[in-house]
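With chain Y's structure known, arrange chain V on it following the hints.
Spelled out, the chains give:
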Amino acid sequence: DAKTTQPTSMDCAEGRAANLPCNHSTISGNEYVYWYRQIHSQGPQYIIHGLKNNETNEMASLIITEDRKSSTLILPHATLRDTAVYYCIVRVASNSGYALNFGKGTSLLVTP
Amino acid sequence: EAGVAQSPRYKIIEKRQSVAFWCNPISGHATLYWYQQILGQGPKLLIQFQNNGVVDDSQLPKDRFSAERLKGVDSTLKIQPAKLEDSAVYLCASTTSVSVQRSALHFGNGTRLTVT
Chain Y
329 DAKTTQPTSM DCAEGRAANL PCNHSTISGN EYVYWYRQIH SQGPQYIIHG
379 LKNNETNEMA SLIITEDRKS STLILPHATL RDTAVYYCIV RVASNSGYAL
429 NFGKGTSLLV TP
Chain V
382 EAGVAQSPRY KIIEKRQSVA FWCNPISGHA TLYWYQQILG QGPKLLIQFQ
432 NNGVVDDSQL PKDRFSAERL KGVDSTLKIQ PAKLEDSAVY LCASTTSVSV
482 QRSALHFGNG TRLTVT
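Protein chains in written order, with my numbering: chain Y, 329 to 440; chain V, 382 to 497.
Rather than coming from a laboratory, the hints here were simulated on the basis of the structure.
Glycine is no exception: its CB is placed at the ideal position from the N, C-alpha and C atoms.
Check before you lean on any hint, since a few could be wrong.
Selected chain Y positions facing chain V (in silico; Cβ < 7 Å) [as the list claims (entries may be wrong)]:
(1) 335
(2) 427
(3) 432
Next up, chain V with everything else stripped away, as it sits in the complex:
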C-alpha cells in the first residue's frame, strides 16, 4: 500500500511569513495526526482528526497554527505568522481506528521547516 505522503519535503521562510504543509494519508485511514518534532526531541502531537472532525487540538498554538481536513482525506497545516521557534519537522500520521490490533500509526517522512 502507498504510504503517507507529505509535501513539501523542505521549506525555508523568514519569520512573520506564512507557510502551509500538505498531507495525504493512507487510503481508508479515518484518523489523521499532525506532530511537531524539534531537533533532538521526540514528536509532539499538535492535532488529531477523526474523518473531518477535530478530536484533540489542545496542544495546537491556535493564535498562529491552523489545520483542516475538509473532505476527511487530505489535510493541510498552516502557520501564520511563523516564528523562529517554529523551526522543526512537521510529521503527518494516519491510522485505522477499528481495533487495537490494527491501530499502528503510519507516519510520513515529514516537512522540515526552517524559519530565519
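Isolated chain Y, as found in the complex:
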C-alpha cells in the first residue's frame, strides 16, 4: 500500500472550512484514497473515499489532484464536534474485503 504523509496537527475556527491535506506520492493507479476520523474514546468513523474524481457527501468533500499524488479533505463548516484525529489511507479495494493500515493522522482542533 502507498504511504501517506499528513500534518501532525491543525487548528480551525468554528464555522470556517477545515482543509486537511494528505500526500500520497507513491499511490498506484488502482489504489483508493480513504478518509476516516476518530473522536476521543470512539472507534474510527468512515468519512469518504475516492479514486480519481472529486467526491462529496453529507459529511465532507474530497479533492484529489489530477496526478493523484495528494488530496485534501474539506469540512465546509467545521463545528466543535469535528474535533478529532483524521486519517488518510490509500488501499486497493477488492471483493474479498480489505484492511486499512492507519498512520498517526492529523489531530484537528476546532476552536470557538
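Leaving out everything else, chain V in the frame of chain Y:
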C-alpha cells in the same frame, strides 16, 4: 441499523493473566477485523476474517493472541498470557465486501485494556 457491539468496555488485569474480548458485528457483514490501538498511534490490524475463515493474521502475535469466529458472526479475541505492552484499545470492525461503494469499515468503540 445497530452498530458494532464490543464488550467489555474496560478491562484491567495483571501481567501473565488471560483476557478475552467479544465482538458482535453489524448483521450481514461477512468481513470482520480486530485492530490494536496503542495510545498515540493509529489502529494496527491484528486479524481479518471472511465469514468464519481467516484472511490475514500476519500481524497477530500468535504465541499469545488467538481469535475465532466460529459461526461467521460473533468473534472473540484472547490474550494469554498478557504482557505490559498489550495495554491498548482493541477495536473490532466489520464490513460488507460486495463492492467498493459499500466497503466502508464500521468500528465499535473498543475495549480499553490495562495490564499492570
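A quick look at each hint next to the structure:
1. Evaluation of the residue 335(Y) hint against chain V yields a violated restraint, the C-beta minimum of about 15 Å exceeding 7 Å.
2. A least Cβ separation of about 5 Å between residue 427(Y) and chain V falls short of the 7 Å threshold, and the interface hint therefore holds.
3. A distance limit of 7 Å between C-beta atoms decides the matter here; for residue 432(Y) the minimum to chain V is near 5 Å, and the interface restraint holds.
The structure is inconsistent with hint 1 alone, although it conforms to all the rest.
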